[in-house]
Amino acid sequence: MRKYDYLIIGNSAAAVGCIEGIRSVDKKSTIAVISEEKHHVYSRALIPYYLEGKIDRDKMNYRPAGFYEQARVSLFINEKVNGIKYEENKVCLSSGEFIEYGKLLLATGGKPIIPPIKGLDKNNVFTFLSMDDVLKIEKALSSAKNAVVLGGGVIGLMAAEVLHKKGLNVHVLELADRVLAPVVDEHVSCIIEKAFNEQGASIHTSNTIQEIHGKENVESITLQDGTSIPCDLLIVGVGVSPRVELAEGTGMEVNRGIVVNKKMQTTVPGVFACGDCASIYDFILGENRPLPLWPNAYAGGRVAAFNMAGIEKEYTWGTSMNSMHFFDLNIINAGLNISYSNSEYEIIHTEDENKKTYRKFVLDKNGVLVGLILAGPIARAGIFLNLMRKNVDVRPFKEELLCENFGYASIPEELRWTLLKDDVILGVV
Amino acid sequence: MYSHLLPEFVVERREDRCIRCRACERQCPNGVHVYDSDLDTMFSLEENCVGCQRCAVICPTNALSVRHHPAEYRKNSSWTRDRFQNLKKQAETGGVVLTGSGNDKSYRIYWDHLVLNASQVTNPSIDPLREPMELKTFIGRKPDTLKINMEDGEPRVESELHPNLELETPIVFSAMSYGAISYRAYKSLARAAKESGTLFNTGEGGLPAEMRAEFGSNAVVQCASGRFGVDKDYLNSAAMLEIKIGQGAKPGIGGHLPGEKVAEHIAVTRMIPRGTDALSPAPQHDIYSIEDLSMLIYALKEATNYEKPVSVKVAAVHNVAAIASGIVRAGADIVAIDGLRGGTGAAPLATRDNVGIPMELALAAVDKRLRDEGIRNKCSILAASGIRCSSDVIKAIALGADAVYIGTAALVAMGCTLCQKCYTGKCAWGICTQDPYLVKRLNPEISTQRLVNLLSGWSHEIKEMLGGMGINAVESLRGNREHLRGIGLQEWELNTLGVKGAGE
Amino acid sequence: MIDNRKIESERFLPDKDIENCGLFGVMNTSGTRFGGEMAINAIKNMKVRGNGLGGGFAIYGLYPQYKDYYALHVMYENKNDEAKKNAEQFLHENFYVVYDEEIPTNPEVDVFCPPLVWRYFITPHKKEINGVSEDEYVISRVMDMNKYMQDVYVFSSGKDMGVFKGVGFPEEIADYFMLDKLYEGHIWTVHSRFPTNTPGWWGGAHPFSILDWTVVHNGEISSYGTNRRFLELHNFYCTLYTDTEVMAYAVDLLMRRQKLPIEVVSKIFAPPMWNSIKYMKEREKQLYTTLRMVYAPLLMNGPFTVVIANQEEMIGLTDRIRLRPITAGAKDDFVFLSSEEGAIRYVCPDLELAWTPPGGEPVVARLNSKDHLKSLNKSV
Amino acid sequence: MGKIQVKPEVCIGCHLCEIWCQVAHSKSKNIIKTFLYEKTIPMSRVVVEENLPLTFPMQCRHCQEPDCVSACISGALIKDSASGKVIHDPSKCVGCFSCVMACPYGNIFVNEKTREIVKCDLCEGLDEPYCVSHCPNEALVYVSDD
Amino acid sequence: MNELNLKFGFRDNFLEGVRQPEELEQFVKTCGQQAEIDAQNLRHKEINDLIRDTAKRQIKHIILRNVCGHRYIGTRLSNSEGETVKIDVYNYAGNDLGVFLDGHHINVYGNAQDGVGNTMNSGEIVVHGKAADVAAMSMRGGKVFIRDNVGYRAAIHMKEYKDKVPVLVIGGTAQDFFGEYMAGGKVILLGLNLKEGEMHRANYIGTGMHGGVIYLRGNVKDSQLGKEVGIRPLDEEDKEIVEKYVKEYCSHFNCDPGEILNSEFKKLLPVSSRPYGKIYAY
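Residue numbers (our numbering), protein chains in the order written: chain A, 1 to 429; chain B, 1 to 504; chain C, 1 to 380; chain D, 1 to 146; chain E, 1 to 282.
It should be emphasised that the hints constitute simulated quantities derived from the structure, not laboratory data.
A quick note: this is a predicted structure, and the numbers were derived from the prediction, not measured.
Wrong hints could be hidden among the right ones.
As the list claims (entries may be wrong) - Below, in silico cross-link-like pairs of lysine to aspartate or glutamate (EDC-like), each with a Cα-Cα straight-line distance of 16 Å or less:
(1) A:LYS139 <-> A:ASP56
(2) A:LYS356 <-> D:GLU112
(3) D:LYS3 <-> A:ASP423
(4) D:LYS3 <-> A:ASP422
(5) C:LYS331 <-> C:ASP371
(6) E:LYS278 <-> B:GLU260
(7) A:LYS313 <-> D:GLU65
(8) A:LYS27 <-> D:ASP80
(9) A:LYS38 <-> A:ASP133
(10) C:LYS85 <-> C:ASP151
(11) A:LYS398 <-> A:ASP364
(12) D:LYS33 <-> B:ASP16
(13) E:LYS56 <-> E:GLU36
(14) A:LYS355 <-> D:GLU112
(15) A:LYS54 <-> D:GLU116
(16) D:LYS3 <-> D:GLU128
(17) B:LYS105 <-> B:ASP353
(18) C:LYS378 <-> E:GLU198
(19) E:LYS278 <-> B:GLU92
(20) A:LYS85 <-> A:GLU100
Please construct the entire structure, taking both the sequences and the accompanying hints into account.
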């Protein structure tokens with residue numbers, strides 16, 4: 001029976017984060033990765049770029065070809081894990097082989113949510129999550145003319161933009177009354193919808209598929225409002241749900257995702273989880289939830305790695321955050337998406353319709369930033385996220401936040417140098 | 001009032017080199033350079049230019065040159081351009097024309113009419129690179145004789161010596177107050193003095209408390225007419241005390257540090273409220289005569305337990321020799337003479353350019369007078385004003401100085417270009433300003449190094465010249481006018497200087 | 001050094017002396033004569049105001065037995081006998097010398113280069129006066145001696161008074177001339193010198209005198225050149241280049257020749273500011289305006305305190321903004337003037353009055369009067 | 001690897017670090033050519049933060065735990081374990097700007113036109129970063145590890 | 001002294017003949033915490049040497065007898081431990097009494113000469129008599145009480161700094177240039193010796209004044225004031241200040257504050273903190 005000091009199930013951002021984390025502190029131990037997919041580690045987030053033709057297949061690779069060798073990682077691809085004997089530190093592969101581990105990381109990711117609509121099993125219906133999905137869509141694209149994207153979230157809209165650029169007629173269906181409702185406010189939704197509409201891609205809000213027509217393939221659909229749309233390509237992009245099957249029924253706590261503490265430990269000793277499969281700590285909410293986002297996955301993997309290697313580190317980094325762009329419009333959001341009607345928070349914003357700029361900041365009662373949306377210029381957005389993470393009371397300089405050239409210079413002296421203390425030499429005079 | 005003044009400078013920008021980086025714009029405190037984004041062009045508002053050359057130095061492509069403005073009034077030997085401009089300025093304001101830095105008029109610079117000697121054949125010159133060459137100088141009062149006791153056949157000094165200070169090189173930084181110059185400039189002087197084994201002078205701006213422990217032993221603290229920052233601790237923290245009676249750039253007048261320059265730390269150091277004018281009266285109001293000076297000298301000695309030498313600094317004026325004699329007799333250990341070309345942060349132009357006498361003549365007269373009276377050893381002479389290079393130093397020593405004070409030279413080392421606008425508080429080089437944006441231009445690490453380099457460079461040159469004369473200790477040159485000859489000087493000048501003409 | 005001083009007239013003034021000092025004067029207004037103890041001790045108390053480069057005394061009521069004769073104290077520098085012969089020949093030619101002797105000195109006292117000092121009691125040959133007053137006659141002869149005679153210098157030339165001075169602290173000079181033992185007078189003024197110039201010359205010490213006027217002075221008169229040139233218009237030739245000399249000549253000019261009272265003379269030397277004159281009553285305004293117009297060249301500018309004396313009076317005066325100190329004191333018939341009050345108290349511990357007159361306000365002590373108290377009312 | 005340290009107290013706000021950064025990343029590495037003759041002028045990888053009188057330059061800190069690398073979806077940003085540098089591979093970059101969102105210092109710069117990002121590479125191949133060697137007041141210091 | 005110096009007469013008039021402290025012991029009489037020094041035959045430096053030595057022996061009350069014009073009394077006392085010494089001066093203090101004084105108390109039973117409290121930092125000087133010129137010159141902190149008059153230029157260039165606000169209270173009147181250049185501090189001129197209807201006689205009061213305040217009891221004409229000062233009535237705060245220091249004055253000199261406080265005071269303030277801001281052509 002093979003034994004590895006560290007065993008990682010899953011092979012995406014979280015896994016890479018974990019490998020790189022371990023190797024930054026521990027060059028010797030053995031690491032193994034079990035991947036269901038047969039591909040070299042690739043970036044799911046690049047799917048739209050690949051489809052658009054912006055990058056080729058090689059560039060989909062998240063790490064260079066020699067990554068595993070260099071990191072001295074034993075890779076089991078195309079291997080599914082059947083089950084885990086946590087009490088014996090053993091993983092059972094579908095081949096029947098057992099692998100023993102010292103520490104285990106569950107990085108099983110998520111799976112696309114398929115709404116309970118009849119006919120979504122037809123041939124030209126695709127999800128938008130995996131390499132396999134992409135390859136299929138790519139094939140279907142050549143003959144497709146009319147695409148319908150189910151879901152007006154990040155995935156759905158990115159897919160829609162690509163398809164539009166590929167020359168297809170695109171309709172986006174969103175059940176909510178606006179797109180991206182969970183991550184941006186009404187105003188930005190409106191800007192985005194306007195952008196799509198201006199480009200000729202239709203967005204249907206408060207709407208979804210009533211009925212799918214066609215035999216083996218979807219041919220057209222009827223919407224709830226009765227509209228009938230021709231469709232020869234249907235993308236389901238309503239979201240992902242954590243893959244928790246390896247945890248369920250084992251006594252490991254699962255709450256939507258696999259529950260981990262700040263050290264990314266599950267409730268089972270020696271077993272860690274991160275990435276889309278986990279329910280992780282959101283420093284804004286102060287509680288756990290699935291945050292199926294690339295940066296969270298990688299960073300979570302890294303934190304898990306340190307703790308697995310015995311170096312205590314807490315993951316207090318994650319929250320909802322997205323960097324998006326639709327057509328020419330850049331949008332970055334982070335933290336809570338609070339609407340103006342909410343009086344518990346102080347909201348400041350600025351807007352210039354001509355320049356298509358919008359900045360909005362949400363302050364809690366302590367003056368700490370808990371949410372932000374930038375549309376248009378997004379330069380130096382990370383500074384805001386840093387202020388959020390550092391729990392800074394921004395009220396003394398809140399007006400400055402709205403300035404496009406906000407920077408550390410805009411922050412009061414003492415705080416500024418505290419935030420920059422590692423890099424700045426003060427007291428030379 | 002619409003100004004009739006002509007611009008003083010023209011700013012030339014080579015379009016084939018200007019890359020619109022706008023560094024000039026950002027560096028000019030006078031708003032000369034302005035970028036127009038619509039035209040993507042730099043404009044020059046020449047009328048604001050003071051000729052400080054900051055832009056020319058900072059321009060990464062050497063695209064800028066700043067020259068004198070060619071506009072000319074009708075030629076008139078009496079009414080020079082300067083006279084025109086100053087008169088018009090006064091007609092427009094009704095005020096006193098202020099200026100900064102030292103006298104720039106073409107009074108004879110005697111340094112340039114004195115040449116040094118060197119050994120040939122009859123005695124060997126000395127190579128300072130390989131053989132010992134001593135610049136160590138003690139300043140302070142010396143006794144006329146030592147009382148020596150023989151103890152077990154070994155001589156032992158019985159006499160109590162007056163306090164003296166040891167200088168590694170006979171060059172001392174002259175009084176520039178914190179407030180007149182920026183903290184960084186001030187501290188650079190202190191650091192350089194410490195590193196070079198010499199002294200700096202606080203001027204009358206006090207000595208910041210946080211600098212006392214580290215730099216006190218290199219500090220000359222002034223007690224001047226404003227008595228700013230003067231208390232017991234201040235006096236006792238220093239190596240030497242100096243009573244400032246006068247300043248070469250403005251003999252007989254006081255000074256105003258305008259309230260807007262009195263920032264928090266300056267206020268603390270001067271021990272006055274922030275933002276109030278710091279007025280230095282023309283006289284010290286407890287010194288209206290020589291016996292009063294004596295009273296203050298001994299008051300300072302009393303306050304410091306007779307442990308520190310006391311210097312008295314006077315401007316070189318007509319009867320400076322007599323005054324110096326009085327000063328020594330009043331109990332001073334050091335007489336500092338500041339000549340006609342001494343610098344200043346602010347002085348009325350009329351005073352700066354017309355009052356006082358050149359230091360070379362004053363120094364020679366003072367040295368002679370003190371020797372004639374037999375009291376030369378009762379004091380050291382510090383000569384200040386217009387020392388521009390090592391040969392000036394060595395000539396000053398040959399004329400009788402123990403050491404020299406350098407002010408302008410030190411400022412130039414730090415960046416000053418003698419634009420003479422010190423009084424505006426907008427020094428583009430960050431030296432003579434308290435503007436927090438401008439003061440940053442002086443990186444104390446760099447300016448300290450520049451000053452240290454200057455002293456070391458000059459010291460090397462002095463050694464070379466001393467060696468050339470066959471002298472290996474600077475004290476052998478002090479007052480040794482045999483090693484000087486005058487060129488192009490009249491009889492009375494040679495007499496006053498106490499040197500022979502070249503060839504004599 | 002003296003040779004250089006014998007310059008006739010110059011387009012350019014050589015450096016004048018700058019000297020600052022301690023001074024003291026004591027007068028008995030009833031004319032009772034007293035010894036030198038007070039003056040000597042007082043000036044000793046202010047030792048740090050001098051530097052040992054000059055000290056001197058003027059004593060009035062000194063020679064009662066010769067009080068009708070001009071008493072000349074003549075110094076022969078370098079003990080030059082030739083000079084003495086010349087001088088005595090000159091004296092005999094111009095005067096009738098009733099008595100002369102060497103001024104006795106104490107050989108025990110170590111002073112620097114003492115000259116020979118001789119005193120002559122003289123009176124002019126009547127026939128030689130030719131319409132010139134005796135005083136003028138004496139002055140002109142004394143000036144001639146001082147101007148033209150090598151190594152000769154006349155310390156004083158008044159009647160019933162004399163000046164003793166030299167290089168050293170005043171108490172050393174007093175010791176040397178044995179002032180405390182040999183002499184009495186009703187006015188003693190004394191000066192302790194702190195010059196920044198001309199060290200080592202006995203003639204340079206104070207008091208300076210002309211006839212029986214003596215002046216001791218502390219300060220530096222910045223208007224020296226102006227004052228001096230004005231005096232030259234009136235045939236006073238300054239040979240000493242001291243402020244004190246100028247002051248003495250000016251006093252002589254205004255008080256003896258022009259007969260102005262000291263109360264007015266003091267306002268010529270130290271006039272009120274135009275700004276004060278502006279607020280005066282019409283008569284005063286006219287007086288001061290006129291004084292300033294006519295006697296502008298005799299405004300003594302710069303810091304000074306003087307004690308001026310003659311047989312009848314002892315006057316203390318400072319410059320108009322009182323840049324130099326003076327304190328007056330009185331007890332019984334004694335009036336004191338001093339740079340420092342301490343000195344007065346040192347010699348008169350039970351002083352009745354002490355006051356500091358304002359700048360330009362004279363303290364005038366007169367024989368048989370209480371005039372000095374006038375200044376008390378204007379003082380603090 | 002070295003590290004660029006910043007001395008804000010001596011930054012004079014001339015912005016020449018930005019200029020020289022551009023030169024360093026230009027084709028010719030000649031300042032006049034870069035700005036007057038080359039077709040594309042590179043973006044500066046250093047920015048002078050300004051709030052007068054305060055000014056100080058900022059560029060990539062090459063963090064120990066770089067958030068930009070965590071956020072990078074394409075693997076274009078990696079922390080080079082050998083040199084410690086955070087290296088950006090433009091050929092892999094898709095311009096998602098996740099790094100911009102993540103960088104706590106705001107030191108990844110966006111070229112809005114080309115939708116590319118640039119960041120400090122410590123002037124790969126030069127002895128000392130140009131911003132450091134050309135700072136007229138030594139407000140930038142290159143502290144070499146070795 | 002060598003021959004050369006004899007010839008030119010170099011004399012160190014302060015230090016020549018000054019005796020070492022150990023030679024001066026007979027002039028000091030110690031009695032417990034108190035010491036008496038007979039200054040009669042002491043030089044300026046000697047008296048300060050003795051004061052310093054005495055204070056070093058933890059004696060906190062020093063009585064000086066037969067002082068007559070001795071200078072710098074109290075100057076050399078340090079105040080490093082914050083311990084202050086009380087010095088009683090009998091007879092007549094000399095120039096620069098308490099120059100640079102730092103925290104100590106000096107009582108003078110007699111008059112004082114020029115420069116009382118010159119550049120004084122803290123402490124207290126009480127003069128039971130009058131003071132001559134430049135009293136409290138450049139004083140930065142502490143208190144000076146003069147029972148009678150002061151001479152010219154009292155409080156010239158007095159300053160203040162943070163919690164240090166110097167106070168000068170004068171019972172009598174003053175001569176010209178009173179408060180010249182004043183940059184801070186509080187000066188109270190009581191004019192107690194003025195007769196009914198008599199004005200203060202000082203001219204040029206507060207010329208160049210640019211800080212601090214003068215409280216003046218008695219009358220002056222506008223023409224006596226420098227153009228840099230203006231007259232204001234006292235507000236409540238002023239009255240409290242005057243009351244406080246007048247009471248202190250009265251406690252030093254045993255007089256009745258009530259009567260003094262009942263009379264009218266004027267407040268003289270600088271009209272500008274920048275009196276010379278506009279005289280220059282830039």
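Hints, verified against the model:
| no. | hint | result |
| --- | --- | --- |
| 1 | A:LYS139 <-> A:ASP56 | holds (15 Å) |
| 2 | A:LYS356 <-> D:GLU112 | holds (13 Å) |
| 3 | D:LYS3 <-> A:ASP423 | holds (9 Å) |
| 4 | D:LYS3 <-> A:ASP422 | holds (11 Å) |
| 5 | C:LYS331 <-> C:ASP371 | holds (14 Å) |
| 6 | E:LYS278 <-> B:GLU260 | holds (13 Å) |
| 7 | A:LYS313 <-> D:GLU65 | holds (12 Å) |
| 8 | A:LYS27 <-> D:ASP80 | holds (15 Å) |
| 9 | A:LYS38 <-> A:ASP133 | holds (13 Å) |
| 10 | C:LYS85 <-> C:ASP151 | holds (11 Å) |
| 11 | A:LYS398 <-> A:ASP364 | holds (12 Å) |
| 12 | D:LYS33 <-> B:ASP16 | holds (10 Å) |
| 13 | E:LYS56 <-> E:GLU36 | holds (15 Å) |
| 14 | A:LYS355 <-> D:GLU112 | holds (13 Å) |
| 15 | A:LYS54 <-> D:GLU116 | holds (13 Å) |
| 16 | D:LYS3 <-> D:GLU128 | holds (10 Å) |
| 17 | B:LYS105 <-> B:ASP353 | holds (7 Å) |
| 18 | C:LYS378 <-> E:GLU198 | holds (12 Å) |
| 19 | E:LYS278 <-> B:GLU92 | holds (13 Å) |
| 20 | A:LYS85 <-> A:GLU100 | holds (9 Å) |
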